[in-house]
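**Student:** Sequence:
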Amino acid sequence: LNKELVLVLKSYSLLQTEALKCHVCKHYHRDLGCIRGEGICEAEPGQYCKYIRYFKGKYFKGCTAPGDICNALDRNGDLLSTTSCCNYQDFCEHQEETPNWDSTFEI
Numbered sequence: 001l002n003k004e005l006v007l008v009l010k011s012y013s014l015l016q017t018e019a020l021k022c023h024v025c026k027h028y029h030r031d032l033g034c035i036r037g038e039g040i041c042e043a044e045p046g047q048y049c050k051y052i053r054y055f056k057g058k059y060f061k062g063c064t065a066p067g068d069i070c071n072a073l074d075r076n077g078d079l080l081s082t083t084s085c086c087n088y089q090d091f092c093e094h095q096e097e098t099p100n101w102d103s104t105f106e107i
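Going by full-length UniProt numbering, the final residue of the sequence shown carries number 107, and the count climbs one at a time with no gaps.
Derived by calculation from the structure, the hints in this document are not laboratory data.
Quick caveat: nothing in here was measured; it's all calculated off a predicted structure.
Simulated crosslink set (DSBU-like; lysine-lysine; CA at most 30 Å straight-line): (1) Lys21 / Lys58; (2) Lys58 / Lys26; (3) Lys21 / Lys56.
Label-pair ranges, simulated between beta-carbon atoms: (4) Lys21 / Ile69: 21 to 27 Å; (5) Glu18 / Lys56: 31 to 37 Å; (6) Gly77 / Lys21: 28 to 34 Å; (7) Leu73 / His29: 17 to 23 Å; (8) Asn87 / Glu38: 19 to 25 Å.
C-beta atoms are modelled at their ideal positions from N, C-alpha and C, and glycine is treated no differently.
Could you build all of it, start to finish, from the sequences and the hints given here?
**Tutor:** Below, the structure written as structure tokens:
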């Protein structure tokens with residue numbers, strides 16, 4: 001019986017995948033790095049790492065939330081931003097400064 005339990009536990013652990021890890025930064029500056037809110041988040045199933053670039057020099061990094069729109073241009077009053085998302089590897093959002101405009105989608 002113990003051998004069967006060990007086999008089941010090993011099989012279960014092989015099926016488990018680690019969560020996608022993303023950098024978090026509430027306020028990132030291109031020259032200074034993360035100024036406020038630095039950390040790491042783990043994306044839930046179906047979530048992505050995201051990178052938001054505001055056209056007034058502010059950046060945000062983190063995990064997507066339900067309803068987030070990825071790879072899109074957004075306008076909130078006078079503030080323009082681009083949001084790009086990725087899930088191909090841990091901490092992929094640091095490479096996502098230029099979004100892929102061909103694949104706009106909603107989480």
